[in-house]
Amino acid sequence: MEFTVNNARAYAYTGGKPFNPELPCVVFIHGAENDHSVWGLQSRWFAHHGFSVLAVDLPGHGRSDGPLLPSVEAQAGWIVALLDAAGVKQAALVGHSMGSLISLEAASRFPERISKIVLVGTAVPMPVSEALLTAAREVRPKAEGMVNVWSHGPRGALGGNTVPGMWMMGASMRLMERAAPEVLFNDLNACNAYQRGMEAAAQAQCPALLVVGSRDMMTSPRGAPKLAAALQDARIASIEGSGHALMAEYPDAVLDALRSFIAS
Amino acid sequence: MSKTSAYNFDTLSLHAGQAPDTQYGARAAPIYLTTSFVFKDADQAAALFNMERAGHVYSRISNPTNAVLEERIAALEGGVGAIAAASGQAALHLAIATLMGAGAHIVASRSLYGGSHNLLEYTLPRFGIETSFVDPRDLGAWRAAIRPNTRLLFGETLGNPGLDVLDVPRVAEIAHAAGLPLMVDSTFTTPYLMRPFDLGADLLFHSATKFLGGHGVAIGGLLVDSGKFDWEKTGGKFPTLTEPYSGFHGMDFAEESTVAAFLLRARREGLRDFGACMSPMTAFQLLQGMETLPLRMQRHVDNTRKVIAHLASHAAVESVSYPELESHPDHALAKQLLPKGCGSVFSFVLKGGRAAGRKFIETLRVFSHLANVGDAKSLVIHPASTTHFRMSDAALRASGIHEGTVRLSIGLEDPQDLIADLEAGLRASQKA
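Order-wise, the sequence lines are chains A and B. Count the first sequence with this note's numbering and you get residues 1 to 264, in order. Count the second sequence with this note's numbering and you get residues 1 to 432, in order.
Hints are computed from structural coordinates only; laboratory data are not their basis. Take these hints with a grain of salt, some might be off.
In silico negatives: residues of chain A with every beta carbon more than 10 angstroms from chain B [as the list claims (entries may be wrong)]:
# : residue
1 : 40
2 : 77
3 : 152
4 : 235
Mimicking EDC-like on lysine to aspartate or glutamate, the simulated pairs with C-alpha atoms at most 20 angstroms apart in a straight line are [claimed, not checked]:
#  : chain 1 : residue 1 : chain 2 : residue 2
5  : B       : 233       : A       : 256
6  : B       : 228       : A       : 177
7  : A       : 142       : B       : 198
8  : B       : 233       : A       : 73
9  : B       : 233       : A       : 177
10 : B       : 40        : A       : 252
11 : B       : 233       : B       : 243
12 : B       : 306       : B       : 423
13 : B       : 228       : A       : 182
14 : A       : 116       : A       : 177
15 : B       : 431       : B       : 318
16 : B       : 40        : A       : 256
Quick reminder that beta carbons are idealized off the backbone N, C-alpha and C, glycines included.
Next comes chain B alone, as it looks inside the complex (with noise of 0.2 angstroms):
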């Protein structure tokens, strides 16, 4: 029995957000595909606008089926309440939109997803918003790099491409101590895998394109808030929360709401204005997904750990990064953090260079070549060229890309298919 709930993790995949439909007694969550509601009468359109009444007005600021999937996510992170978005760079926006504006300042990983680096170091700056960008596994650094003018720290609880496992207690004392919260991207690992909120991080966003929706059908993030980050005792860090806004009734979101302030401003005013939202359909997905995410992630990581004792001894391979590898600089961490196992996305780094990689990949038949992770199917991609393609090659080299790095994220396929390909794509690479 776990104090956000009193039913086990597997259930709440299943279950967590929905009850069965009580017109029709539809037991799998309906897709409400439609823009607006209809008011019951003058009095509760009232009601619903003034948030003295809950329910749904218009989809772009929440809708049914997107609440399943909000509650379900939050039910198994232990938070408070979700957000979905349109996307997980969707979900990185909201949150950092609402917690801060020009003149701000971020303190994060520089191990990052591509589309993560860009917004913070290219695109935000544009909005007045700048980011110091800190080697994850240097504590100092994260201390060091907070500013007056920093709002929030950010990093991934495995970080891409190197899997750099976030010390997301060490670092979630830091920020505290500095009076800011922690914001993971816990997309690589899920909540199967890791509880942030549990290690003391805040706030968190997937990307449920990936292993949450788990079939690469749809793309969507979702934001989830822990409520335990206490807006107030900041001395004035966050007036977004805790001062009046002019733009929905003066509302005061922390005394409105002690533990949900943040994702209150989130939605009422983060969805009504970017409107960076999920479509219904894209939901239920999702839902579809996470009903299955224990089992699947669990054979993730079994027949990752299988091609990785494959590809660790092998002679065309010259390195191997994984954290359940003793040679992985965060092995005790992993140990520590992620004890059922380090998700299935990792990378190596084939001997002979690009041209190798280039062989590789082209002779793979069960690894499809594309830009995604987290799908059922197993999929490779070389990041250098790729993903990380903006990236200068000094920050492709502190982020722990070489031009030989293969990146794959193993999927659901019969282990045994999958080492064959790799293998002979292996062979190939090597008389490239």
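The following block holds chain A by itself, in its conformation from the complex (with noise of 0.2 angstroms):
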């Protein structure tokens, strides 16, 4: 569903369902270089389930224009944008890798427009190696690989997809191909210079839930309690085995996750 905010042409998938203003919305916000698709089964189950789902392209990203928003702070504002063009008082924000940090800086922000945030695949704060972002702005596939490779656990690099048939880290480096080529850098450097992140923590009022995998080496999930003492209501829900791309590598596990803490 194409929607316009500040004045450019975005787009969020609403799960195979038409999109209903009216029933509590859930905002899915994907991480660097990737869009709505990373969401798919989730994002279905919501919609089939009594919500209404918007499940982004962020801006310069798949189907929505840009231009490109350099900071955590500016896409966080365009989150809520979106919530206006949809005629949406107050949603739940799911968040992975740098959506993460997009839905605590909303958070923090916006307090009466956010219901509650969960944030898949998390650290606050989120570094970037100088190598990577090196490589990110001048030798994208190099950087794609690298990002690639450290984004999945045992499952994403043997397999053992739950979605039969499909090679995971294939289609993550197809989707990140995908993209314009300067979308990479911008994100990881948006990532990286995003220090507000504890602070936004302690001003966020909203449920949190934290949901890590036990073998992220993007996101360590050593930094989980420290980030959720942080936050005024929050848990963390840890998925056993898997790496960065929890969505891909344990959609089950994250969506009972979800269920439990936005469903139930």
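Each of the two chains sits in its own frame; use the hints to bring them together as a complex.
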């Protein structure tokens, strides 16, 4: 479904059901150089169980027009502008990686608009190594290869995909390759530059769920307890064996965590 | 470290797609020989049918053993996923039926396996899909044959039976300039010798019956999607992938899955409705073969080189067609695209025509006379009277086949025994 946000075309997948702003709304926010399709299974479940769903393509990603927004703060503002465009007063935000920072920032600045946040594959702060940033700027395929390998735990690296017949590292790579050349650096740089995460956590008033992968090499689960402690009302769901690509590696476990937190 | 995997080819051949069984710890991929799978509860059942959860419902659509095979070939090819089909022919049909319907057109290489040629030339026109055949070496012909209703370019990585090397990068360029995908039949090369997606192809399939299985015990096909082709940027050429499908919840497959729309439709419609699925037993047998693919392919190539060295200068042999020979028209292209070797299936022309060919084949003891290639055992056939017998004389000649053409598929035996067997046949042929 398309909206106009800040005078630009914005796309959000609605989970295979017509969007109804009167229903409780769940917004799914993807990570760096990804798009709405990383939430396919989870977003369809919510759309078919009494929720309205907006699985967004952030500006300059997927089907949404640009320009790219260079900071987590700007992207959080865009999410709320999308809620305005969709006629949604309040929503739960579910964000992965960079999307988790966007969710956290939005919750801190717009408490009346955000009912709950789920931070999937998160770390605050979320530093990105200089080597990866440089590669993203200068040798994009190399950077994408690094991100792809580091994003997957054992199930991604050797297979055993829950979705029959799909090779998740191939799919992940192709999704990144679809993006415009400047997207990866923009997104990684936004993650790296976002410094007010712990401050935002302290300001956020809504309940929060952290979904972490025990084998996550991109956003280590070791920092989750500290982040949860900074939030007013937070719990942690750890998915054993998962790397950073949790929705692909353990889609049912992610959905179960989301259901128990949002739909219960 | 490749971009689509943390592991290298030989490791993926053994492991990709399968973790040890969590219930009993089985190291080998278990054979899930069951038609259907018990739902945990009503909610899970509904979620599986509505693609809110992933999993297996019915083995025509998907099966855990088949899924291991599918993931493995996708990993080896550098694709996003794959579908196991009843045969290579079923995989080819599944691809075409997923992409197009009546009124569509295909541009194909004229150097194709006889079964593929039959499907395109004689059978699909009955369903409104026409094909123009072109000389695979004539890039201008590929370009000129494209029409407004063309939906696919198709060729074999190594054309049957003359081993025309498909210039995948340049044919892909022609396809993409016209907003079309290129699909290749990779049966003769396998991902060990060529990874067509790295060269620009968008889709590929295998007759897994051949080198992937490698032991001549199971018929199967594998259809693999690179995930590279953007179906939405074609001006509406592929409505099966980019428009809501009333046969599956009004799903727009490209919206649902940015990189796997083709596979989604092929599984959700193609396997569901056409039903040409693979048995889990077959998937298991093919997996056993794929575990040793790198070892076998190298041995196939090594043996082939030795046999060709013997035949190329033999007095009873008129010509040998193999791209590694300087006399082959695609020698330079083969060096570029197939540096590890050009497979183990090749043809040679025996002096003495049809009678000599018959005597030759009947004298062989180690080589088996049958209609297959890519077995661990060496095979021989006379194409003009078997695999290509439905083709007219003109079409035969256009495909580079003569009356005395003999096709060999070199197996894994001791090369000295193979050469001795061929030598006996060659001697006898010249006395016919």
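Taking the hints in turn, this is what the structure says about them:
{"no.": "1", "hint": "40", "verdict": "6 angstroms, violated"}
{"no.": "2", "hint": "77", "verdict": "25 angstroms, holds"}
{"no.": "3", "hint": "152", "verdict": "7 angstroms, violated"}
{"no.": "4", "hint": "235", "verdict": "23 angstroms, holds"}
{"no.": "5", "hint": "B:233 / A:256", "verdict": "36 angstroms, violated"}
{"no.": "6", "hint": "B:228 / A:177", "verdict": "8 angstroms, holds"}
{"no.": "7", "hint": "A:142 / B:198", "verdict": "15 angstroms, holds"}
{"no.": "8", "hint": "B:233 / A:73", "verdict": "32 angstroms, violated"}
{"no.": "9", "hint": "B:233 / A:177", "verdict": "15 angstroms, holds"}
{"no.": "10", "hint": "B:40 / A:252", "verdict": "13 angstroms, holds"}
{"no.": "11", "hint": "B:233 / B:243", "verdict": "13 angstroms, holds"}
{"no.": "12", "hint": "B:306 / B:423", "verdict": "13 angstroms, holds"}
{"no.": "13", "hint": "B:228 / A:182", "verdict": "19 angstroms, holds"}
{"no.": "14", "hint": "A:116 / A:177", "verdict": "32 angstroms, violated"}
{"no.": "15", "hint": "B:431 / B:318", "verdict": "16 angstroms, holds"}
{"no.": "16", "hint": "B:40 / A:256", "verdict": "14 angstroms, holds"}
The structure is inconsistent with the numbered hints 1, 3, 5, 8, 14, although it conforms to all the rest.
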